[in-house]
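**Q** Using the sequences provided together with the hints, build the complete structure.
For reference, each letter of the sequence shown is one residue, going 464 to 623 in our numbering.
I should point out that these hints are in silico values taken from the structure, not numbers from a laboratory.
Think of the CB as a built atom: it goes at the ideal place given N, C-alpha and C, for glycine as much as any other residue.
Just to be clear, a hint being listed does not mean it is correct.
Pairwise CB distance ranges, derived in the manner of DEER restraints [said to hold, decoys possible]:
#1 Pro590 x Lys610: 19 to 25 angstroms
#2 His552 x Lys575: 20 to 26 angstroms
#3 Leu480 x Glu600: 51 to 57 angstroms
Calculated cross-link-like contacts (lysine to any residue; reagent style SDA-like; alpha-carbon spacing at most 20 angstroms) [as the list claims (entries may be wrong)]:
#4 Lys560 x Leu532
#5 Lys575 x Leu609
#6 Lys593 x Leu609
#7 Lys560 x Ile615
#8 Lys574 x Ser595
#9 Lys574 x Met619
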Amino acid sequence: MTVFTLLFVAFTTVLYLFLFLVRKELIFTAKHQSLFSLIFPILFGIFAGSLFITTGTLDEIIRGIAVGLAIVSYAVNGRGIADDRFVIHPLDNRGIKFDEVDRVVLFRDEKKNEVKMNFFKFGLRGPLMKFSTPMDELVKFLSKHLKEGTPIDVVMEPNE
464 MTVFTLLFVA FTTVLYLFLF LVRKELIFTA KHQSLFSLIF PILFGIFAGS
514 LFITTGTLDE IIRGIAVGLA IVSYAVNGRG IADDRFVIHP LDNRGIKFDE
564 VDRVVLFRDE KKNEVKMNFF KFGLRGPLMK FSTPMDELVK FLSKHLKEGT
614 PIDVVMEPNE
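**A** Right, dumping it as structure tokens:
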């Protein structure tokens, strides 16, 4: 095996360890987008199948599997709320600290049985996150962890 292959395999291993550590740190995990969770494994399967058919050396097979795992790592769900910050994507090692948040808006979608959350940092809107957690648990957690005086707006659907 070449040095490049060994380094890439080591990088992929460290990447997966980091992704699982971030996921363990999350208290409220955001729902995963189902389109990505369906497409990435199919693409990886096609890639791995073609890899075994077209290549012959062990070095090329290991390198191909490592590349495939690096691609599939983007499908690992690591978004949500940690103890001290919002994690907006799986490779986010800093996140958005609760002290930097100006306002949080929560919306309960009765049809899909989910809570949609958006936050504002320095007046700019952050990404929309969807949770299957009950609204009252989310509000209690945010009210304890956000800085004093941060408004939490709860938007409800009008009853029809």
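**Q** Now, for every hint given, state plainly whether the structure supports it.
**A** Evaluated hints:
no.: 1; hint: Pro590 x Lys610: 19 to 25 angstroms; in the structure: 20 angstroms, holds
no.: 2; hint: His552 x Lys575: 20 to 26 angstroms; in the structure: 22 angstroms, holds
no.: 3; hint: Leu480 x Glu600: 51 to 57 angstroms; in the structure: 29 angstroms, violated
no.: 4; hint: Lys560 x Leu532; in the structure: 30 angstroms, violated
no.: 5; hint: Lys575 x Leu609; in the structure: 27 angstroms, violated
no.: 6; hint: Lys593 x Leu609; in the structure: 19 angstroms, holds
no.: 7; hint: Lys560 x Ile615; in the structure: 16 angstroms, holds
no.: 8; hint: Lys574 x Ser595; in the structure: 12 angstroms, holds
no.: 9; hint: Lys574 x Met619; in the structure: 12 angstroms, holds
This entry does not satisfy hints 3, 4 and 5, going by the numbered hints stated previously.
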